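Dock chain B against the given chain A, drawing on the hints supplied.
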Amino acid sequence: MQDKNITPQALWVKLAFRLFFRELKRGELTIITAAIALAVLTVLTLSSVTDRIGQSIEQKSNTFIAADRKLGSAHPLPDEYKTKSKEYLLKTADQIFFDTMLFANDNLQLSSVKAVSKEYPLRGELIIKDDLTEQANDYAVKTGPTPGNIWLSESVLYALDIKIGDKVELGAMNLIAQKVLVEEPDAPFNIFSASRRVLINIEDVPATQVIQPGSRVYYAMLFAGDEDNIVSYYKWLKPKLSENQSWWGVKDKQSWLSGSVNRAEKFLLLAGLLGIMLAAVAIAVSAKRYCENQYDPVAMMKTLGGSRSNVRKIFVLHLSLVTIFAIAIGLLFGFALQLIAVDYLSQSMDQALPEASIRPWFIAIATGATCALMFSLKPLLDLFDIPPLRVLRRSLGDSIAVSKLHLLLSALTIFSLMLLFSGQWMISSILFLSSAALVGILYGISRLLFKAGRGIGLSPGSSWSLAIASLQKRASANSVQLVSFALAIKLLLFLLVLKNDIINDWQSQLPVDAPNAFLVNVTHEQLDPIENMLSAKGISTTGFYPTVRGRLNAVNDELLARDYSEQDNEKKDEEAKSGIGRELNLTWLTEVPSQNEITQGKWFDTGVTGEASVEEGLAERLELKIGDSIEILIGSERFNAKVTSFRKVNWSSLKPNFFIILSPDLLSSFPATYISALHVPKESKKSLNVLLKTYPTITMIDVDSFIKQIRSTISQVSIAIGFVLVIVMFCGGLVLISQVQASLQERMQEVVILRTLGAKGRLIKLATLYEFFLLGLIAGLVAAIFSDIALLLVQQHMFELAGKLHPMIWLVGPLIGAGFVSSLGYFMIAKTLKKNTSDLLRVLS
Amino acid sequence: MTELSQININQTVKPIIQVRNLSKKVNTLAGELPILSDISFNVKSGESVAIVGASGSGKSTLLGLLAGLDATSEGEIHLDGEPLHQLDEEQRAALRAKSIGFVFQSFMLVQSLTALENVMLPAELAGHTDAKQQAMSLLTKVGLEHRLDHFPSQLSGGEQQRVAIARAFVGSPKILFADEPSANLDTKNGHLIESLLFELNQEKGTTLLLVTHDEHLAQRCNRILHIDGGELIKDSSGTRAYAG
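So the sequence lines, in the order shown, correspond to chains A and B.
Just so we're aligned, residue 1 is where the first sequence starts under UniProt numbering, counting upward by one.
Just so we're aligned, residue 1 is where the second sequence starts under UniProt numbering, counting upward by one.
Each hint should be verified, as a subset may be incorrect.
[Said to hold, decoys possible] Cβ-Cβ distance ranges computed for the label pairs, FRET-style:
id	chain 1	residue 1	chain 2	residue 2	range
1	B	90	A	412	29 to 35 Å
2	A	765	B	26	38 to 44 Å
3	B	88	A	444	41 to 47 Å
4	B	90	A	810	43 to 49 Å
No wet-lab data here; the hints were simulated from the structure.
A quick note: this is a predicted structure, and the numbers were derived from the prediction, not measured.
Think of the CB as a built atom: it goes at the ideal place given N, C-alpha and C, for glycine as much as any other residue.
Isolated chain A, as found in the complex (with noise of 0.2 Å):
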């Protein structure tokens, strides 16, 4: 019966495959497996959901410039940059914009024109309508007009008092008005710009004539493909763009969406590195106490004769095997739940996710390793250290305490994980620095209650009296289970009020009423009639602010060059510093607007002359200091401003924002249009065509469906939050289990003793219950004053939210700790109370 097929040599290898089975069958690999396989499945369910949930959101986004990346110049672009693009396997459509007159029926009107190559629009849909009347409905298509047809807007079409089917004339060519252009992916907010809008086939532009040499016109190329291309194409475009060259995504735009994109982002990627802390916490205990069940069958085998050398590669190989497995379960159910979770988010936001990337998988992979590795070694170390005098003297070793060194690891491993994971050193060291501070705080005040506890006297034999006893005696074990409970609590607890916060938070900014229409192009005469006509309907308006169209040209004399692009990290590494890139809409006013906050500097004085007010973040931007002269273009006139004050401006407002406000002096003289936003209730709509009849040049801006598309994308970006929120709080659920795992052993003795003791299975189970009652009560209140402390901190300082103290989590976080606690820890513990003393007393033994 000789095993022919294997060596002596070899003979370790099957001993430890053998242990892995049996251990496995067992269920002894039951907690470090899951707590492994959880960290994977954690991490590749957030990493891939967030992946394409994020790359969902960007595409949803991107349709607000109708593609991934848009190119913009004065000048026409070079068809290399297309050509290349091709290379990358990139999708790319041209647009022009030019503004010119257009006749019809004897009337003429100034238009916005944008001319599109047939590719337009790479993301979005383009909404038109057949003809004026009210029978006619809106309708998406994916492409702009064919070659010979122009697609006009409302007002256009009442402007040249034309319908359906007339022709236009467009500098030397005639068109047929062949649809009414109601939104375009890539102008539905741009308010000041939407007015007169036109659509043409670009393939009509030269025979137009329209462009002559000098003629003002913007050039476009859009690009849309894998994001991951984008970034390679970009990495060769950027050393060609010229200065009048600017490359821009959507988060470059400051809109509502960006801010809620970016925040959405750094929900879930805090809500990752929280999960990615738990699953490592559950590792870490249950790695150390898998080494230590294994102090016995070490302990035996060195005494049975097993060297140092055989007994190490037995148990490096079972862990590995331990391991291997951990991370295939972990592979398969995460990628299981992504899928169930991605096909639930897709059905939700009615779209399909884009695929995720490989790296999901690949961090997935190295975070399951890692932790296998890093949280065991020390405990493994220790484990070949076990003296084979143990299977004699069965204490030895028991005193092998957790080590500072393994501590460092375990918090370097934590640490690496979270960088890794999240790609941030600042948000990771934040997020790192903090728990550390609060795990040793807890410890430290943990060991004090316990100790303080020691004066309380119970009289003996009840079930609290027990419970308490059992706490101050395992102390130190306690403190360190009451730290974990703690800590994932405190996760948890975060992570949910968070949640509220931030959808709540965007709700607001959403009200009922909030503004679903602008009104632009209004004159200075226009004034009194349009606001007693509106008032008359009973439609309420922001106010009409005066604007006149502008470029900064230059701080301090410095000349600014060509915008920079934030979507794709690009730092300002030009000697020039960088401008806004495009003209602004400059407004004067006396009165600082209501969604505005004077942050540095003073607003404006009665009578004061040549100062401006700038938008805080374009100050930054720009590195302006109160006192800075800056230098502004409007037509061919130039005048010098004085920034006297920077101010905070809610972008996230429907309300007409600006980023530089001059006094009345410089910009009373110039010819300026009026602005203001409106709520219109839906059943008013088609009674305000009254008004754009008596004032043709007055162009409304419906808002509505982009209103819309934000609260879609709001609920979309809620069920993702939701999600993740599920996942981590099943990785504390892990920890509690691991932590109740690990004190198993002793309490099971414990029940023995105090069976054999004559004890009543009530008073034990009581007991038992109370103990965990009171970690759990201890535990939830600790968590709640810390997590309430750090929401204070998150939301004021990384998603921009009105911090406040939640007084609910003070009584909730207490009432959840000591219910979740003391279920589990009593769940847990009930299996070994329905043994009989005998069978306790074997399974010890």
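Relative to chain A, chain B alone:
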């Protein structure tokens, strides 16, 4: 050195265990604490020796030192001709693998391995490729051929100790150390285990050294070493005659 131990040292049959002036001290907060002091004796091959003494007398420490599980503070131990006191941990482990078997009071079976696999373990650690054959034969010998695939938790205390005995005899060790082998068992099972030990000791010519509180068990051995306060105070004969 006692009168009786001197007699034994001077016996003519070559001893398999030679102990000379053995001492063991441990460091405590109060300084060095002597556990064993100046112990000397010999054990002949195939002899059965009981080490008896009160709790805390140092008998388990002596067993640990003789088995090479612990290092000596002073003195010499020669085991099967090897100077145990001069060997490092790895060499002592190799010697155990070659020459020593163990039976413990608490059985010390690896819970995740079956009865058969537990018995195979020492042979596999020693690199024997016929471990399974040896293990099955020994388990049959101890009457557990029907329990091969059972885990320790599925066996009674007596059965677990029989598995431990089978494991102890795998590889035909020259010396068997037993630490209170029947202490955790009822009288019937205790006697069964003791008989099995002596039977195998006789049959295989294995030297048996056992630590026990049980006077009856001690009397079944060839010799009894009495330890008190870390000293060997008496070396007496048991009821069983040494057939050397």
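Could you check the structure against the hints above and give me the numbers of any it violates, in ascending order?
When the structure is compared with the hints, only number 4 turns out to be violated.
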